[in-house]
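Colleague: One-letter residues, chain by chain:
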Amino acid sequence: MLGVCYYPEHWSPALWPDDARRMADLGLKMVRIGEFAWSRLEPKPGAWQIDWLDQAIETLANAGLKIVIGTPTATPPKWLIDAHPDILPVDPHTGRVRGFGSRRHYDFSSRLYRDLAAGISEKLARHYGGHKAVIGWQTDNELCCHETALSISPQAVVAFRDWCRARYGTIAALNEAWGNVFWSMEYNDFSEIEAPYGAVTETAPAHRLAFRRFTSDQVALWHRAMIAAIRPHAGDQFITHNFIPMAETGVDNFALARGLDFASYDNYPLGRTDLVLADAGAEEFQRFMRTGHPDLGAWTFDQSRCLTPSRQFWVMEQQPGPVNWARHNPRPASGMVRLWTLEAFAHGATCVSYFRWRQAPFAQEQMHAGLLRPDHSEAEAWPEIKAVEAEIRQLKLADLPAPKPKIAMIVSAPSQWVTEIERQGDSYDHESLMRQYYTAFRSLGLDVDIVSTEDDLTGYRLICAPVLSIISEAEVEALQKSGATLVFGPRSGGKTADCAIPEGLAPGALRALLPIRILMAETLRPGCGGSLLWQGKHYSARAWRDHVDPGPAECLARFDDGSPALVQSGQAYYLAGLTDAPFLRDFFRHLCALPGLDLPTLDLPDDLRISRRGGLVFAFNYAAKAQPAPAPDGADFVLGSAMIPAHDVAIWKDI
Amino acid sequence: MLGVCYYPEHWSPALWPDDARRMADLGLKMVRIGEFAWSRLEPKPGAWQIDWLDQAIETLANAGLKIVIGTPTATPPKWLIDAHPDILPVDPHTGRVRGFGSRRHYDFSSRLYRDLAAGISEKLARHYGGHKAVIGWQTDNELCCHETALSISPQAVVAFRDWCRARYGTIAALNEAWGNVFWSMEYNDFSEIEAPYGAVTETAPAHRLAFRRFTSDQVALWHRAMIAAIRPHAGDQFITHNFIPMAETGVDNFALARGLDFASYDNYPLGRTDLVLADAGAEEFQRFMRTGHPDLGAWTFDQSRCLTPSRQFWVMEQQPGPVNWARHNPRPASGMVRLWTLEAFAHGATCVSYFRWRQAPFAQEQMHAGLLRPDHSEAEAWPEIKAVEAEIRQLKLADLPAPKPKIAMIVSAPSQWVTEIERQGDSYDHESLMRQYYTAFRSLGLDVDIVSTEDDLTGYRLICAPVLSIISEAEVEALQKSGATLVFGPRSGGKTADCAIPEGLAPGALRALLPIRILMAETLRPGCGGSLLWQGKHYSARAWRDHVDPGPAECLARFDDGSPALVQSGQAYYLAGLTDAPFLRDFFRHLCALPGLDLPTLDLPDDLRISRRGGLVFAFNYAAKAQPAPAPDGADFVLGSAMIPAHDVAIWKDI
Amino acid sequence: MLGVCYYPEHWSPALWPDDARRMADLGLKMVRIGEFAWSRLEPKPGAWQIDWLDQAIETLANAGLKIVIGTPTATPPKWLIDAHPDILPVDPHTGRVRGFGSRRHYDFSSRLYRDLAAGISEKLARHYGGHKAVIGWQTDNELCCHETALSISPQAVVAFRDWCRARYGTIAALNEAWGNVFWSMEYNDFSEIEAPYGAVTETAPAHRLAFRRFTSDQVALWHRAMIAAIRPHAGDQFITHNFIPMAETGVDNFALARGLDFASYDNYPLGRTDLVLADAGAEEFQRFMRTGHPDLGAWTFDQSRCLTPSRQFWVMEQQPGPVNWARHNPRPASGMVRLWTLEAFAHGATCVSYFRWRQAPFAQEQMHAGLLRPDHSEAEAWPEIKAVEAEIRQLKLADLPAPKPKIAMIVSAPSQWVTEIERQGDSYDHESLMRQYYTAFRSLGLDVDIVSTEDDLTGYRLICAPVLSIISEAEVEALQKSGATLVFGPRSGGKTADCAIPEGLAPGALRALLPIRILMAETLRPGCGGSLLWQGKHYSARAWRDHVDPGPAECLARFDDGSPALVQSGQAYYLAGLTDAPFLRDFFRHLCALPGLDLPTLDLPDDLRISRRGGLVFAFNYAAKAQPAPAPDGADFVLGSAMIPAHDVAIWKDI
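Chains as they are written, first to last, in our numbering: chain A, 1 to 655; chain B, 656 to 1310; chain C, 1311 to 1965.
Be aware that one or more of the hints could be misleading.
Label pairs and their in silico Cβ distance ranges [unchecked claim]:
#1 C:Glu1787 <-> B:Thr749: 45 to 51 Å
#2 B:Arg966 <-> C:Ala1822: 34 to 40 Å
#3 B:Thr749 <-> C:Ala1708: 48 to 54 Å
#4 C:Pro1892 <-> A:Gly281: 30 to 36 Å
#5 C:Ser1687 <-> B:Thr749: 29 to 35 Å
#6 A:Phe238 <-> C:Lys1354: 32 to 38 Å
#7 A:Lys396 <-> B:Ala933: 41 to 47 Å
#8 B:Pro1300 <-> A:Ser334: 25 to 31 Å
#9 C:Glu1502 <-> A:Gly281: 44 to 50 Å
#10 B:Glu847 <-> A:Ser540: 16 to 22 Å
Don't read these hints as lab results, they were simulated from the structure. A virtual CB, placed ideally from N, CA and C, is assigned to each residue, including glycine.
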């Protein structure tokens, strides 16, 4: 199903019927509305006005469209802020209050605001809970976007103290857990604890990790209150949220997704590629500036799909033209809106919804394309959406079962926090190394789930944890029980739950699987990382190097200084450093070919990717030239053919 | 006439007579004094001391020198600030009060300070209004320098609310104009409005544009109060101000100049070149590090000349040696002080005044050269000034009529604000693209006026608006009426007065001249801009690309993707993107050769420039080697000759 | 003697005896303890607990170890800060209070804290003053580390006003000295003075210099209170402090060292090299990333030795493996811990103490190596320390007399402040140019003292002042009396004590020795510095160029523009600009060969260095390959031999 984001409050009601008709004509089935409309629903204290929204929904429903209502809690109006200015968050880096005038100006630790936000969510849910045209709910919008997870407001500090009391019980236990004796940082009472910002030099890693855990918990707590406000009235209506990737928010999206029916994602490939390739040379960047990086959308789709047990997801917002928020904002290459749409379905989407119906001629996003231009004319993406709607309908793509990869990559918010808190080397970057692993799998034509250690891990043949810094005995056991081949990257098992070095050294609990010891770790500047030797071939190393005492484990590769680069113990492998892309690709190809895994691999160019869902293989050509589909001879194509034109797609039946 | 800036209060009165004598001996006629001397005029509350200034003026006048008095309002003394600390401005980016200890520590929205500043200005005007030796007044000093236009002090916010009330009448009108419905940013009352800083993410463009308009208006209002305080007592004495270019202050200098007799400019070619060429490679930079960029002084002179209907200007401060405030501060090449002086006259100056008489051995500018060194010896520029004084006198350069270019470039503060508020691409820079256009004209040997749309536009053959973002119907009409060929750059007509996309799409009101539609705009990284094809030749495109529906207009050039790069409708041309320098040069050369324009062009190297004034052609050789003057055979040279030595000047009679 | 830093409070007392035994077994003789333990000594107001420390000392003493007690004043506990929050310093750049949560969270201008800190220091001194195993005291820890010298807290501003009153007597004298007339900055009373931060643009250089002097004085005053608290009880026990180089703290370390028995230094070659070579290319950096830059340790050792008349120093903390605080943190190359240790002794150390005994598995420094790993196993440096301990013992290196260089380099905190306050060119960097001079001497195989002008200068043959900005007549006289050849770099004598240009121009008082005048100074971008010609050879100039009127002095070299680059008058030389390394090396080699100096020089590669102490010559091979020792034929080697292996040392008898 395809949909669109619509803001009836931005337009004259006289336009609504025609808008609804044109949406239906385009083949759209779903319209998301309402998400920022608090000042229209409640223009003044106590003045509730919902007639206009009733009318808008009626108009859309009359055209056969289904409605998803976004709660407007990301934008409390000015009168509310002026009445309760302590709703505003405080920037940890500057200590300044973050004010009104845009969006997301609230503190997750404000109990008052949580109640107010739950209140308006419930009010809407009571009103539309039984509405036939309303099929679901989106809570808030892009929680924690604009770096709003972290706040050091007075109420956040008070809540943090409570959180600490709940976690540690006694102040002595906290002092012990955080190693506060180190610099006389010991507290006599929980009320002495501050947020770990603004100190003379770095605060204790355990203090910072606790604050990150607290922050993530506060967001999840806030979100659960929203879900709880809606659910009793929702009946068959689903509840979802359009997530920002946790690499960016620093919040545990698995925790945040609990209680939702499925996760949604807002897909802006060009804006994100501009940011991700910020340091790329012009020549390298130019290849993908109008297509997005071929592994970027997929990486976020695979994350989104795996956030809930449903293993489905929506693209709630899909870029249909240039956006306004990256450092440069090119238009998409012709064909890409269709390609991105099909790619989402290939990775498990059940709905793709474009943002937005009509480009707004005013306010912050007026340089952001829509399906219509401000003068109501059809914008560039229109014919592509027309075409892809028919294809999706004919191939019933939305109804295919979810993808079932044999490979899982483990991501973990606490591990991300650890690497951000204790970077140790400036060139160590959690997100880019995660993507490096992901790209290695994808370049071999492999599908990947992005999972948490708390997920059911059975059924995977290969589970890869590029950096699982904190790992419990229970998690080790679950990994072992999965029966999968296990690959751990450097720093895995490097920390306890309170960000200390484990007893008996790293990899701590992981030593049950890998009886090695990390004697020391070093970090290395770009270009100074040396090399590693594996199976007679030299590869580049970089950034991070664990010095491993292999103990009884087998050493499969060594760094230039002779220390182990890759060790194996039974089903488990430990990679002791970061490497170049060729090594990961060669190593994973080698693993996949081993008996027991037996996963066929391909050698795909970096601008061609495949995905499998429901008995179909999808191939996406990100290149500006035609490329052959990596399909077997005589493949049965249901879309396209053996030679895929530039920026086009082929689909054939999997055998 | 030549002059000098002098601070008698910095020196023992015993030195004044000899200083005056040496000034006169050097041929100087004018001395500017007084501009920072508040603490000497009013050392304590109510203690007025003007005897010393009387004596200094008397001493200078006795040597035959004329006086320009700078009012000391840029430097309120500490006792005044301590008595009224709310005079201090507040930094919008940090929220910190900007304190005492340097200069310009006042808020343009402080009514109290405006009254106090007008008070001391009037007091001086009353005292010296009838003084024969006093020929004029300089208000304050370099208004808005050090980024002091913007302030978010409490009084600025209150004034902004009043300004909004005056502009919009009702809060509903403001909400509508700003598109505040977008993110529930709607207000119920003007008292709810804040300055558009410190919000969680970007504030509304209309909000920001309003604050920029307000800020500029506040500065102009403040300045008008100063002029009003002086004028009644000034008699024949002129009033001027030494402007900072509006590219830097973000204030509408046309508005600020209203009420002045002429504008002045402080010319520091080396310091400014260091900043403008901040990213240039060493080899490129080295060419101009001791000369200044050849188009930089001229660009500011042409702006200064056109700020008032008089079409004359002063250089109130001219760098005579190294300065102290750029990132690196080289000495000028030998000959350049003379060259810069002649160049100012060529562009319409009637006085060039050097800054400063004697290098101060103390305080902030002790590394800033003067005409004398701190030990009273003659500094490097002395003989050059001696020489140029004679040349100016003999050629009567100061008395020549103002230059009368046939080409006008339109600049507009609101257009500058729009591009700063909504940059859309990091490589889009308003000032550098304005200079790119200017350089193209100058490289063809053409003289240029830099005008506002409110100026009289008749008489120009070519009017070029590199980016006139906001344009009214009245302005379109004026442009049309001028009869000139019109060239508009990309983004022209892109916004309404409230920073929205015009109805019927860009270029809005300009569609009366150019019946095209801008369907979309995209921005592109350096090196990723693609190309355009014009008259069979390929040029580089860059940074910004409008996608044009040409309608009935003729398409003269296309981008690599086939979309129109240059369209023409009658006398009007629309250039849809930014380009390389060769395109602009070739395109303008082509236009100038068309019947009706018929402007002869030259092909000048980038280190040679010519200017015309009063029947003379001036040629300035910025190169370190001799170059032939671009003069016709048998030209009648009144200065120099057909081969211009390094860093030298030739002048011949125009035919 | 070798030692180690130990934190018994971090470990179970059950571990102490075994730790003590292993220390003794390794040959360590000294243990530093106590420095951050305030929260254990005084866990709550008035609750004094010293039994645990008694027990720890007893345990160590029983193993034959000597104790140095570090006072815990760098880490006041939270209860104390909560009771007196105005102890906290205020960041001058942001105006924010710098809070609790790490270390050094106190303001040197807090009288209360000074008393509290002196109080606990005295309490400890009373307790352990007579203890036989306690051989000395370390005050606080790394004073002013983490940029804590500067604070603009209310109490700092009040203290600054008092300091100004004491220095200038009357406000008129201060106004005159600071040149406050310049921008109406004149005060009527000392109470009007603020810290020179947060103004609209730059504050007066004299104001800033005064604040730097004040800041340095406050730190020294604070430190003297600590020494005064300990000394009466210390008996034979020494008092030292582990200094941060003044290049980093901006504090006058000579003043700070007064009253100490000797200075100590914390030597972290890899971390510091990462910072110093921050802009180096990968290839250049890689050479020294595991060894440290060959002149960096020596440069700090020579400074430390010369801080007290004893001309000895300790390395109180020596890096034994990777650290945690640089931008990247590689491991040391094998052999380097031994090399660094021997190098410290060669430069005059009498004790090298490793930081720390056992790597902490918790808190801020858990990625910082120790001699033991957290699991009690011996870390990488262990065998090297074992080896070097025997060598030091056998060669009695700790008992050798102090080095006696014939060359002195003058450093001066006020000169450093002047160049930081008035940089004038971004590429002028005080510390890197000091090191450039130092490297030139060291590359010639010369030993260098780093002295203050207040030191006894007799006995030196060559005294070099790379930039002695402020110089008094008395200092000039002392330099002249020394009888040494004198070399002054550019900017020398450039300022009065109040940061003004001296009467009669620079070099001010230095004109008694060098009868020249600096007419002008210019600064030049990297790559734009031109060249100088000396003895027929061209060298590169850079960054800074004084324009010299040589007067009767002889001009030995000229810049490309003909102005003097090097002038000589009698025994004194003035170098008018910064240059490349070859010029300094050639020039110093030339000087050393002159009659009267007669200092033999070598030509050492940049990865080989020699040092002399007590009749021995030490050679340190920083290269990854063997290199010949620069020893005379038939040299008598007491360690190593004529070919020095990679990262190894040779020692032979000086003849």
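Colleague: Now tell me, hint by hint, if it's right for this structure.
Modeller: Right, here's what the structure says about each hint:
1. C:Glu1787 <-> B:Thr749: 45 to 51 Å: Cβ of Glu1787 (chain C) to Cβ of Thr749 (chain B): about 49 Å, so the range 45 to 51 Å holds.
2. B:Arg966 <-> C:Ala1822: 34 to 40 Å: Violated: the Cβ-Cβ distance is about 57 Å, outside 34 to 40 Å.
3. B:Thr749 <-> C:Ala1708: 48 to 54 Å: With a Cβ separation near 53 Å, Thr749 (chain B) and Ala1708 (chain C) satisfy 48 to 54 Å, so the hint holds.
4. C:Pro1892 <-> A:Gly281: 30 to 36 Å: holds (35 Å)
5. C:Ser1687 <-> B:Thr749: 29 to 35 Å: At 50 Å between Cβs, range violated.
6. A:Phe238 <-> C:Lys1354: 32 to 38 Å: Between Phe238 (chain A) and Lys1354 (chain C), where Cβ atoms are some 55 Å apart, the hint is violated.
7. A:Lys396 <-> B:Ala933: 41 to 47 Å: Given about 58 Å between the Cβ atoms, the range is violated.
8. B:Pro1300 <-> A:Ser334: 25 to 31 Å: The hinted range 25 to 31 Å is violated for Pro1300 (chain B) and Ser334 (chain A), with Cβ atoms some 58 Å apart.
9. C:Glu1502 <-> A:Gly281: 44 to 50 Å: violated (55 Å)
10. B:Glu847 <-> A:Ser540: 16 to 22 Å: Hint violated: Cβ distance 58 Å, outside 16 to 22 Å.
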